[in-house]
Amino acid sequence: MSTLVRQLDAQGNLKHFLTVEGLGRDLLTEILDRSEGFLGVARQAVKKVPLCRGKVVANLFFETSTRTRTTFELAAKRLSADVLNLNISTSATAKGETLLDTLRNLEAMHVDMFVVRHADSGAAHFIARHADPHVSIINAGDGRHSHPTQGMLDMFTIRRHKGDFSALTVAIVGDILHSRVARSQIQALNALGAREVRVIAPRTLIPAQAESLGVKVFHSLTEGVRDADVIILLRLQRERMSGALLPSEHEYFRLFGLTEKRLRGAKPDAIVMHPGPINRGVEMDSQVADGPRSVILEQVSNGIAVRMAIMSMCIGTQNLHSQDPHSQDLATRT
Amino acid sequence: MAERERISIRGGRLIDPANGIDAALDLHIANGQVVAVGPSPAGFAADRVLEADGQVVCPGFVDLCARLREPGLEHKATIASETLAAAAAGVTTLCCPPDTDPVVDTPAVAQLIYQTGQRRGAARVLPAGALTQQLQGRQITEMAALKRAGCPVMSQADRPVTNTQVQRRALEYAASFDLTVFLHPEDLDLSQGGCVHEGEVGTRLGLPGIPQAAETVAVARDLALAEQTGARIHFRGLSTARATEMLAEAQRRGIAASADVSAHQLVLTESDVDGFDVNCRVVPPLRTRADRDALRHAVARGTVSAICSDHQPHDADAKLAPFPAAAPGISALETLLPLVMSLVQEGVMDLSTAIARLSWGPAEILGLPLGRLDAGRSADVCVFDATATWTLTEQALVSRGHNTPFLGRPLLGRVTWTLLGGRVVFRRSREEA
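Residue numbers (this note's numbering), protein chains in the order written: chain A, 1 to 334; chain B, 1 to 433.
If you are wondering where the hints come from, they were derived from the structure by calculation, not from laboratory data.
Mixed in with the good hints, there may be bad ones.
[Said to hold, decoys possible] Output of the computed footprint for chain A on chain B, the stretches with three or more beta carbons under 8 Å from beta carbons of chain A: (1) 206 to 217; (2) 320 to 333.
[What the hints assert, rightly or not] Which chain B residues stay away from chain A? Per the calculated CB distances, all over 12 Å, these: (3) Asp47; (4) Pro71; (5) Gly72; (6) Leu84; (7) Gln111; (8) Ala241; (9) Ser352; (10) Asp385.
[What the hints assert, rightly or not] Taking CB as the label site, the calculated pair distances span: (11) Ala316(B) <-> Leu86(A): 23 to 29 Å; (12) Asp350(B) <-> Ser242(A): 50 to 56 Å; (13) Ser242(A) <-> Ala224(B): 27 to 33 Å.
Given the structure is predicted, the values throughout are model-derived calculations rather than measurements.
Here a beta-carbon is modelled for each residue, glycine too, at the ideal position from N, C-alpha and C.
Model the full assembly from the supplied sequences, consistent with the hints where possible.
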């Protein structure tokens with residue numbers, strides 16, 4: 001199809017990172033392996049590697065986000081790239097033409113990589129399709145569609161605790177309908193061969209034909225977390241209380257909030273994850289959030305390593321196609 | 001005006017579904033009208049002969065929904081540009097929805113559109129009159145005056161009346177003047193924020209969905225109102241299997257309800273949206289294969305008696321946006337016949353039925369003596385090569401709108417000549433053919 005954007009170059013190297021969908025287990029495993037290597041950089045005295053030296057990365061955020069943008073910024077800086085941060089309000093004029101105009105202006109500044117967050121599903125694909133072919137696009141979240149770096153950092157966190165995916169039962173709790181994070185997690189878990197992926201929520205927060213994503217659907221938290229190895233809680237946006245999706249935060253917590261008691265139904269060594277920021281007393285109580293099973297803060301630090309891995313792979317692919325011998329040299333030093 | 005040419009179209013396969021004709025017959029035209037089918041009448045001497053060997057000769061197509069973008073959106077297209085596209089597509093009569101700027105809610109706007117179409121002369125342009133003022137769904141329009149000004153039907157375009165009482169009154173008032181009302185069946189609360197079918201593809205791509213119930217709830221409401229009021233209603237652009245069943249059942253019970261379907265709904269499904277193809281963003285959305293197959297069946301059976309283009313030409317910028325923000329609609333006039341021919345090729349319906357759904361069927365819905373070729377009728381004729389295969393390119397498009405998912409796709413069936421009121425308004429050059 002004419003509008004289909006390819007994330008991989010002809011040799012199968014990562015050019016853009018728009019979605020987990022369609023990426024094979026080998027490539028996802030390569031991302032996780034490389035992320036291991038970058039984890040040590042934060043502990044070095046000099047927290048930098050020169051893999052993206054001389055490259056310009058622009059964080060193009062049409063939706064506000066502090067943490068995701070910050071971890072991308074840190075990741076790019078640790079790779080020695082120059083970073084531009086652009087927060088563009090979606091309210092007024094950030095529609096089609098403006099989006100392209102913004103893109104063209106930045107391209108004129110010879111930006112090598114765009115990290116894009118936008119409220120519309122498909123926005124990262126749209127930008128990748130219209131961007132200069134030398135530029136890489138990293139999707140930092142588009143509408144309800146995809147948040148692939150978050151998905152991969154969650155896989156990285158799971159692998160560090162659980163090793164092999166093939167024995168794992170993973171339960172994702174919360175607003176699946178509106179969640180780009182859930183879609184990326186589900187795609188990654190299935191590609192990496194997880195035994196069972198479950199989603200748990202009332203029917204108002206489960207998308208149509210959710211089973212087609214490769215999950216089992218539960219409407220009871222107790223049943224859904226039974227014997228789970230990993231429990232991922234999704235952030236519940238306040239606006240879901242309007243629009244007749246949920247009656248109240250109180251009832252949501254009573255039915256779907258994770259407590260120590262409910263956690264007992266899971267495997268004894270089950271871990272609890274959350275992409276943040278947490279609503280304490282809504283998605284889970286503080287005991288769980290701060291308890292021994294919680295790996296939530298670890299997810300944040302892992303996020304930097306995983307984003308370094310993905311950004312360096314995309315820049316490495318650019319260098320392979322570039323004529324500059326200096327870049328070629330850098331590309332081989334991963 | 002000078003006497004019009006006397007024309008004979010010879011050697012073709014004449015298909016005139018209204019008269020049950022599908023045979024090798026000549027067609028003779030004088031004074032803008034059909035004078036004879038078969039042998040030429042005594043004393044008839046043609047000024048011009050169109051040799052149609054190997055071609056199909058049929059009534060010019062009647063399109064129940066084509067947006068020409070004039071007045072108000074001339075940066076997208078004009079009556080002049082789009083009627084030329086219609087002629088190239090074999091379409092001789094176009095009914096355009098009233099959502100122009102200004103809205104067709106006064107006789108002046110209706111006359112402006114009608115007369116501009118007449119002056120350009122490439123296709124007959126019939127504006128549908130607005131059912132309510134400004135299409136706001138509150139106060140009904142001067143329907144009798146609109147009818148006198150040339151509006152054959154009343155319509156809300158794609159802005160359904162949400163107030164059921166207003167809808168009931170509007171239907172009753174229209175029925176007083178024997179006016180059919182075109183309805184876009186959509187429950188706006190259920191479809192709010194949606195841009196694709198609520199199903200597998202939308203779920204995977206994270207695109208907000210529009211459930212089938214958004215259509216069936218509206219169809220149920222309007223069938224109930226049609227039954228209550230005795231008004232004649234026409235559903236413009238069905239998309240769901242269930243709606244066709246509801247319609248068939250209502251028709252069996254004698255409710256005066258008809259429907260059409262947009263040609264792309266008979267060919268594309270939700271899968272075509274994959275990859276965020278903005279040219280497949282349409283309202284109502286592309287649905288499942290089962291829905292598409294049910295629509296095909298309903299068209300073949302005649303429950304749905306018209307296929308239209310739902311032509312919506314756009315400027316390039318309108319589609320240069322992420323999927324949910326891109327303007328919906330396809331520039332569809334020039335793929336109307338090829339899409340319908342693909343159904344004939346797949347055995348969904350025979351050629352005669354296909355032509356009926358493009359000509360006589362929609363003409364009946366408009367209540368106009370068009371879409372048929374008996375003697376004395378306006379000589380609106382389409383001559384096309386049913387075996388020609390070609391590829392759609394931007395250069396080949398006559399329409400100003402290049403927004404179509406069919407660019408680069410092989411198509412079957414190509415118009416050779418189009419006649420409107422006995423005048424040749426389109427002729428494909430030999431190099432193109």
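Structure-based check of each hint:
1. 206 to 217: holds (count 5)
2. 320 to 333: holds (count 7)
3. Asp47: Its Cβ never comes within 12 Å of chain A, the nearest being 46 Å, so this holds.
4. Pro71: holds (24 Å)
5. Gly72: Its Cβ never comes within 12 Å of chain A, the nearest being 20 Å, so this holds.
6. Leu84: holds (26 Å)
7. Gln111: Non-interface label on Gln111(B) holds, nearest chain A Cβ at 35 Å vs cutoff 12 Å.
8. Ala241: Ala241(B) is indeed farther than 12 Å from all Cβ atoms of chain A, at 16 Å.
9. Ser352: holds (34 Å)
10. Asp385: With a cut-off of 12 Å, Asp385(B) remains clear of chain A, as the shortest Cβ separation is near 27 Å.
11. Ala316(B) <-> Leu86(A): 23 to 29 Å: About 25 Å separates the Cβ atoms of Ala316(B) and Leu86(A), which means 23 to 29 Å holds.
12. Asp350(B) <-> Ser242(A): 50 to 56 Å: holds (53 Å)
13. Ser242(A) <-> Ala224(B): 27 to 33 Å: Taking Cβ atoms as reference, Ser242(A) and Ala224(B) lie about 31 Å apart, which means the hint holds.
Violated hints for the displayed structure: none, as all numbered hints are satisfied.
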